[in-house]
Amino acid sequence: MMKRPLVFGLCLFWALVTLFPLYWTLVTSVKPPTAVNGGPTYLPYIDFVPTLQAYIDAFSGIRGDFISPFINSSLISITATALSVLFGTMAAYALVRFEFRIRLLSGLIFAALAIGGFLLFNETLGFSRAQAMGLAFLLALPACLLANRLPLPGPVLGNNDVLFWFVSQRMFPPIVTAFALFLLYSEIGREGFKLLDSFLGMVLCYTAFSIPIVVWLMRDFLAALPVEIEEAALVDDVPRIRIFFEIVLPMARPGLIATSLITLAFIWNEFLFSLLLTTSEWQTLPILLSGQNSYRGDEWWAISVAALFGIAPMMGVAMLLAKLMRSGLTLGGIR
Amino acid sequence: MARVELKGVSKAFDEVTVIPALDLEIADTEFVVLVGPSGCGKTTTLRMIAGLEGASGGTITIGGREVTDLRPGLRNCAMVFQNYALYPHMTVADNIGYGMKVRGMPKPEIATRIGEAARILGLEPYLDRRPKQLSGGQRQRVAIGRAIVRQPDVFLFDEPLSNLDAKLRIEMRTEIKNLHRRLNSTMVYVTHDQVEAMTMADRVVVMNEGRIEQAADPITLYENPANTFVAAFIGAPSMNFVPATVVGSDGGLALRLNDGSELAIPQDRWQRYGAAKDRPVTFGLRPEHNSGGGAGEAVITLITRAIEPLGPHTLIIGEAAGHGYTAQVDSHFPAAPDAQVSISLDMTNMHLFDPDSGRAL
Ligand SMILES: Nc1ncnc2c1ncn2[C@@H]1O[C@H](COP(=O)(O)OP(=O)(O)OP(=O)(O)O)[C@@H](O)[C@H]1O
Ligand SMILES: [Mg+2]
Numbered sequence: 340m341m342k343r344p345l346v347f348g349l350c351l352f353w354a355l356v357t358l359f360p361l362y363w364t365l366v367t368s369v370k371p372p373t374a375v376n377g378g379p380t381y382l383p384y385i386d387f388v389p390t391l392q393a394y395i396d397a398f399s400g401i402r403g404d405f406i407s408p409f410i411n412s413s414l415i416s417i418t419a420t421a422l423s424v425l426f427g428t429m430a431a432y433a434l435v436r437f438e439f440r441i442r443l444l445s446g447l448i449f450a451a452l453a454i455g456g457f458l459l460f461n462e463t464l465g466f467s468r469a470q471a472m473g474l475a476f477l478l479a480l481p482a483c484l485l486a487n488r489l490p491l492p493g494p495v496l497g498n499n500d501v502l503f504w505f506v507s508q509r510m511f512p513p514i515v516t517a518f519a520l521f522l523l524y525s526e527i528g529r530e531g532f533k534l535l536d537s538f539l540g541m542v543l544c545y546t547a548f549s550i551p552i553v554v555w556l557m558r559d560f561l562a563a564l565p566v567e568i569e570e571a572a573l574v575d576d577v578p579r580i581r582i583f584f585e586i587v588l589p590m591a592r593p594g595l596i597a598t599s600l601i602t603l604a605f606i607w608n609e610f611l612f613s614l615l616l617t618t619s620e621w622q623t624l625p626i627l628l629s630g631q632n633s634y635r636g637d638e639w640w641a642i643s644v645a646a647l648f649g650i651a652p653m654m655g656v657a658m659l660l661a662k663l664m665r666s667g668l669t670l671g672g673i674r
Numbered sequence: 011m012a013r014v015e016l017k018g019v020s021k022a023f024d025e026v027t028v029i030p031a032l033d034l035e036i037a038d039t040e041f042v043v044l045v046g047p048s049g050c051g052k053t054t055t056l057r058m059i060a061g062l063e064g065a066s067g068g069t070i071t072i073g074g075r076e077v078t079d080l081r082p083g084l085r086n087c088a089m090v091f092q093n094y095a096l097y098p099h100m101t102v103a104d105n106i107g108y109g110m111k112v113r114g115m116p117k118p119e120i121a122t123r124i125g126e127a128a129r130i131l132g133l134e135p136y137l138d139r140r141p142k143q144l145s146g147g148q149r150q151r152v153a154i155g156r157a158i159v160r161q162p163d164v165f166l167f168d169e170p171l172s173n174l175d176a177k178l179r180i181e182m183r184t185e186i187k188n189l190h191r192r193l194n195s196t197m198v199y200v201t202h203d204q205v206e207a208m209t210m211a212d213r214v215v216v217m218n219e220g221r222i223e224q225a226a227d228p229i230t231l232y233e234n235p236a237n238t239f240v241a242a243f244i245g246a247p248s249m250n251f252v253p254a255t256v257v258g259s260d261g262g263l264a265l266r267l268n269d270g271s272e273l274a275i276p277q278d279r280w281q282r283y284g285a286a287k288d289r290p291v292t293f294g295l296r297p298e299h300n301s302g303g304g305a306g307e308a309v310i311t312l313i314t315r316a317i318e319p320l321g322p323h324t325l326i327i328g329e330a331a332g333h334g335y336t337a338q339v340d341s342h343f344p345a346a347p348d349a350q351v352s353i354s355l356d357m358t359n360m361h362l363f364d365p366d367s368g369r370a371l
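Top to bottom, those sequences are chains F and H.
So the numbering used here is basically just the index in the first sequence, starting at one, shifted up by 339.
So the numbering used here is basically just the index in the second sequence, starting at one, shifted up by 10.
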């Protein structure tokens, strides 16, 4: 009997801890500058007289352009989420339903040919770096696929190893990838194909970076689906691709929604890639937010407004998707 | 024309052979039941016919067409699974019609076929429901409906009734049999329930450890089991097995049990068992071929251990000649536990098996 109040108390305490920053941002956004700078004040109308001046300033554009980073962030994160969930789920499905046997040696052959080919094409044959990269890739991929069919010696990797390979891409610090990506993009840009500070470049990089998480999450969701349902469709001569889209995806709906939400939140909040790979045109909201205090000093009321701009859409999406997920879960009775 | 032929079909999962070369011919319009203990390879065999599992060796032919390496969809089979395997997000009508829709059949024809299947299976009131809103029996009917509209060469059932309660199982048994008569198509049905096998099949295939022990019509299986495995598997309660020796007596043959008692072998069997004279054998007799009392010609003494009154008759479980023995007697036969009773045997239904190979003599 002693336990319940204790648990309730702890929950309440934790709710306060998580909600207080949000509340603080909210009240700060309606404070006049004097109320911000003159020591802590907590309650509007009691501690200070609230004002919407900070919002008016934001919309009138005094604090820089809010609208276009907001649109950029929306477009990029929605597109990249859709793509990474689609391709990541396909990859996860393949890992669940098909058995892959990959010879370690053929992977090494790929690495050797890709790097060696690049050096050959670039330094010996005088292609530009981006061209050499493309050519080396075109050489290495078929060679490695072919090599995998030969009875090469050495260890053979299975599905779990492939999964680990996917997830391992997220294990080193993102800055490593970000710099490499910056170099890659600028090289490709030199060939006249603009990826830096472009919609395509941002979508590609976020898609690539999100796929591992999607694969990892979706694999468990898909593995939990009963295989007989798909087998029934196979016997009925339904093509695999239609089984995937018309049977597997609807059954995996709760998982898809949860995964999309996680991916979307990640991309929406991502800072480092955007910082390195965009300059002006396709800048995203986090970059704008981080730049807030450098415009005119620490104007916390204005920074709060900007922060709320960043938070509000995600909260809306989270609530919407959570609702969808709940209805999906009740529909989920599979057997 | 949908004969199914398995020639030397084998299956190994990573080195472990679960089915050594297996030969089975299923005639057109035949209802064949594969039965056997758990893990004997019934499902694997069925899945190899469906193409969901590749065969490690041998050839599979359906309707004169070799399908060994064909993908499942091209074999024109329909399969019904134990756990229904309905599409959970589709209505009953969509579940039944989905395959036809994918194959690009015109809408009116799809509707006609769905309507007909629903009528046959009594699903008309439920066409707009989702699987979750149906009972187990209704779900399995939807699965059968999905199979019917395919108009397949062969129907494959993998324990379709195992998830249903006993009463519904008996109803569905009859329904599937009626369906077979109506559709007149080839059906292969897997079960581990020997009653289901006996009641439904034209021919029962008894499997054990991936091998076919015997394939025959139910009555032949019951009356002439090929070996002790089939003899023990078919019939409930199981056949009694008692070691004995065939001896000569009065110019004919008799069985001598371990306790020295002798049971005369009927004259019409003398020739058949002549070669076994003076050899040890396993004597087999079903519980239902016994009766209480010492009135018959072949009488043994049974030490009773347990009495199981079942209503129409009573089972006495006990020991005879040092071996476990079950006798089915009249409900009013006086018997008490841990007593001795005389049981007379109906030797016209006797079986003899080779004690080493288990094969029937
Ligand atoms: N995918 C698999 N990998 C390895 N072994 C398997 C696989 N599927 C089945 N087996 C083995 O093959 C044997 C036959 O299995 P199968 O499912 O055909 O048995 P069954 O007769 O249908 O049994 P049950 O009555 O329990 O369904 C079993 O020993 C099983 O362990
Ligand atoms: Mg089985």
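These aren't lab readings, by the way, just hints derived from the structure by calculation.
Backbone N, C-alpha and C define an ideal beta-carbon position, used for all residues, glycine too.
Honestly, I wouldn't trust all of these hints.
[Stated by the list, open to error] Far from chain H by the CB rule (all over 10 angstroms, computed), these chain F residues:
| id | residue |
| --- | --- |
| 1 | Val375 |
| 2 | Phe398 |
| 3 | Leu458 |
| 4 | Leu459 |
| 5 | Leu474 |
| 6 | Ala479 |
| 7 | Phe511 |
| 8 | Val577 |
| 9 | Pro589 |
| 10 | Gly655 |
[As the list claims (entries may be wrong)] Ranges of calculated distance between the beta carbons of each label pair, as one might list FRET restraints:
| id | chain 1 | residue 1 | chain 2 | residue 2 | range |
| --- | --- | --- | --- | --- | --- |
| 11 | F | Leu489 | H | Glu119 | 23 to 29 angstroms |
| 12 | H | Gly132 | F | Pro490 | 53 to 59 angstroms |
| 13 | H | Arg191 | F | Gly493 | 17 to 23 angstroms |
| 14 | F | Ile406 | H | Lys111 | 41 to 47 angstroms |
| 15 | F | Met510 | H | Asp24 | 56 to 62 angstroms |
| 16 | F | Ile417 | H | Pro30 | 54 to 60 angstroms |
| 17 | F | Ala547 | H | Asp33 | 50 to 56 angstroms |
| 18 | H | Leu80 | F | Glu438 | 52 to 58 angstroms |
| 19 | F | Leu361 | H | Glu119 | 58 to 64 angstroms |
Here is how each hint holds up against the structure:
The non-interface label for Val375(F) is consistent with chain H: the shortest C-beta to C-beta separation is roughly 53 angstroms, beyond 10 angstroms. With a minimum CB-CB distance of about 44 angstroms to chain H, Phe398(F) clears the 10 angstroms threshold, and the non-interface call stands. Distance check on Leu458(F): its Cβ is at least 42 angstroms (rounded) from any Cβ of chain H, clearing the 10 angstroms threshold; non-interface status holds. Leu459(F), annotated as away from the interface, keeps every beta carbon of chain H farther than 10 angstroms; the closest lies near 42 angstroms.
Once the 10 angstroms rule is applied to beta carbons, Leu474(F) is consistent with being away from chain H; the minimum gap is 37 angstroms. Every C-beta of chain H lies more than 10 angstroms from that of Ala479(F), the closest at about 32 angstroms, which supports listing it as non-interface. The non-interface label for Phe511(F) is consistent with chain H: the shortest C-beta to C-beta separation is roughly 35 angstroms, beyond 10 angstroms. At roughly 5 angstroms from the closest C-beta of chain H, the C-beta of Val577(F) falls inside 10 angstroms, breaking its exclusion from the interface.
A cut-off of 10 angstroms between C-beta atoms contradicts the statement that Pro589(F) is not in contact with chain H; the least separation is 4 angstroms. Every CB of chain H lies more than 10 angstroms from the CB of Gly655(F), the least distance being 27 angstroms, so the non-interface label holds. Remark: the range hint 23 to 29 angstroms for Leu489(F) to Glu119(H) is contradicted by a beta-carbon distance near 50 angstroms. Checking the proposed 53 to 59 angstroms range against Gly132(H) and Pro490(F) shows it holds: the Cβ atoms sit about 57 angstroms from each other.
For Arg191(H) paired with Gly493(F), a C-beta distance near 60 angstroms fails the hint of 17 to 23 angstroms. Checking the proposed 41 to 47 angstroms range against Ile406(F) and Lys111(H) shows it holds: the Cβ atoms sit about 46 angstroms from each other. Checked against the hint of 56 to 62 angstroms, the C-beta distance between Met510(F) and Asp24(H) comes to roughly 31 angstroms, which is inconsistent with it. Between Ile417(F) and Pro30(H) the C-beta distance comes to about 57 angstroms, which sits within the given range of 54 to 60 angstroms.
At about 54 angstroms, the CB distance of Ala547(F) to Asp33(H) agrees with the hint of 50 to 56 angstroms. The given range of 52 to 58 angstroms is broken by Leu80(H) and Glu438(F), whose C-beta atoms sit roughly 20 angstroms from each other. Hint check: Leu361(F) to Glu119(H), Cβ distance near 59 angstroms, so the stated range 58 to 64 angstroms holds.
Of the numbered hints given earlier, the model fails hints 8, 9, 11, 13, 15 and 18; all others are met.
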